[in-house]
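Residue numbers (this note's numbering), protein chains in the order written: chain A, 66 to 421; chain B, 4 to 183.
What the hints contain is simulated information worked out from the structure, not anything from laboratory work.
Bear in mind the structure is a predicted one, so any value in this text is a computation, not a measurement.
Heads up, the beta-carbon is just placed ideally off N, CA and C, and yes, glycines get one too.
Be aware that a few hints might be false.
Distance condition first, Cα-Cα at most 35 Å in a straight line; then the derived DSBU-like pairs of lysine-lysine [said to hold, decoys possible]:
(1) B/K181 <-> A/K198
(2) A/K400 <-> B/K181
(3) A/K198 <-> A/K124
(4) A/K112 <-> A/K96
(5) A/K96 <-> A/K124
(6) A/K198 <-> A/K128
Covered by chain A, according to a simulated footprint, are these stretches of chain B (three or more residues, beta-carbon under 8 Å) [unchecked claim]:
(7) 18–27
(8) 53–64
(9) 69–77
(10) 149–156
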Amino acid sequence: MNFYITYILISVLLFSFAAIFALFSVYAERKVAGFIQDRLGPMENGKWGTMQTLADALKLLQKEQITPTAADKILFALAPIIIFISVYMGFAALPWAPGVIPAALNIGVVYIFAIISIEAIGILMAGWGSNNKYSLLGALRSVAQVISYEIPAGIAIISAVMIAQSLDMHAIASRQGVGTPETIWFMGFWDVTNIGGIFSWHIFQAPHLIVAYVIYFIASLAECNRAPFDIPEAESELVAGFHTEYTGMRFGFIFLGEYAMMFLVGMVGVVLFLGGWNTPLPNIGSLRLADWTTGMGWGIFWTFSKVLLVVLVQMWIRWTLPRVRVDHLMSFCWKILTPLAFLCMAISGVWRLLVM
Amino acid sequence: MNIEQVVFYILAATVLSSAFMVVFNRNMVRSIFLFFVTLFAMSGLFIYALADFVAVTQLIVYVGGMLVLMIFAFLLSSKTILNTSATHKTSLIGLHHLPGMLISLLFFLILFVTIHQANPEEIGWVRNAGNNTLVASDNTIHAIGINLMTRYLIPFEIISVLLMMALIGAAHLARRTKKQ
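Work out the full structure, taking the sequences as your base and the hints as a guide.
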């Protein structure tokens, strides 16, 4: 019976993590937006406005849940839950530190990729259920974009998986630092098996993976529906896209899903390309920096700080770049990202066979 | 009954009941979304058969691809056409049901005869199946990869050629026609 309690505890832990992360990242997003636009951001609630998102959450909890008269009641009510749960289930297969992974699946990468694709169903449900032109258009745009960008993202992921020779997230992470089960080479010529650090990350094991990571990062922005790919919720055209009609905690769940998704895609990128829980500090002679900074606590620390850095870049891009037009978005995906991703995959195969 | 069996029966009941509701639901959008429930529960049943890769592929291909395509086709088609099909009156027995009934009866007959004639104890791979079992922690993708590249290479290649043809055809159809 004991391990059932552990299962429930871990899932509650992951849920509360997603909620708390959303709370903090909304605050961070506002502050980043403020600083980028040369203003202060929220300042009224608490010191430097730190209580602002807590007040917002309280407001959302108290709000009335309005359902439009003409809406499809069941679909309308279920959509936010499906959107959030699809993202939340993805957290199950993410490795945090050596040996710390909620579900060590043999096919973790494919699992996360599959679970994320369920979000599209939730978005379509929300768009159709609201019975509103703006919502429907927003949902159609969103899903068209998510499905198109899944292809370059998937192929970029495959090119990293081909280098790692595993679909297990934990095994992939452990092959990018000290304590790797096989010899690893920096750029294919320098044996860094015992040196570790930043040199043994995937993007430095095989340099074309830097391109693959950039492709993955751009595609993941589109999958999160974040600027510059936020045409599904373009305020100037579609009010708020697929979540126009949502109020109260239902809107809260969509929002929670969006921020949890940012963390999820960031973490998948970190595990596949940026070394996962491995330290950036290498061993230098008798200065065993990599050995000293590897372990459970350190692993969680490195994962967390890397992912937060990626999320910060996502926010930075959101407040820097203007929104991309629909046709530009599609031609960018199909004519530039997809061929480049295919090229990366081909190079990965050659690299694995000839260099590693 | 242990908890695995309970979950299995819940999944099986979900598959069957949602599949029935897909067929009998008058509201077409809801039946498409119910089909999602069917497929999702089906992938759970695949996990019980220790086919985790098939379960995940089911999610990617059917939920992420097919179902979204079906919903797209639905959302982009005219509402009036859908309404006429929804109000179309049907009785259980009628002349327009004859072909459907004939096909289902014949199919049932074929299944019945095949199952009746098959002798499962005599088939080789069924007899050897006892020595050829999987454990839940086994890594099935290695076996899948090796089999795809050795034993099932020709079917694999034929399918890839077929998919390539579909891709080229789709690209050709989506092409902008040249102005005369």
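Structure-based check of each hint:
Only pairs whose Cα atoms come within 35 Å are accepted, and B/K181 paired with A/K198 is accepted, the gap being roughly 33 Å. With a C-alpha separation of about 20 Å, the suggested pairing of A/K400 with B/K181 holds against the 35 Å cut-off. Between A/K198 and A/K124 the CA atoms are separated by roughly 27 Å; this keeps the pair inside 35 Å, and the hint holds. With a C-alpha separation of about 13 Å, the suggested pairing of A/K112 with A/K96 holds against the 35 Å cut-off.
At roughly 20 Å between alpha-carbon atoms, A/K96 and A/K124 fall within 35 Å of each other, so this suggested pair holds. Among the hinted pairs, A/K198 with A/K128 is consistent with the structure: their alpha-carbon atoms are about 24 Å apart, no more than 35 Å. Counting residues of the region 18–27 of chain B whose beta carbon lies closer than 8 Å to any beta carbon of chain A gives 0, which falls below the threshold of three, so the coverage claim is violated. Restraint check on the region 53–64 of chain B versus chain A: 6 residues with Cβ-Cβ distances below 8 Å, three needed, restraint holds.
For the region 69–77 of chain B, the assignment as covered by chain A holds, since 4 residues bring a beta-carbon within under 8 Å of that chain's beta-carbons and 3 suffice. Restraint check on the region 149–156 of chain B versus chain A: 0 residues with Cβ-Cβ distances below 8 Å, three needed, restraint violated.
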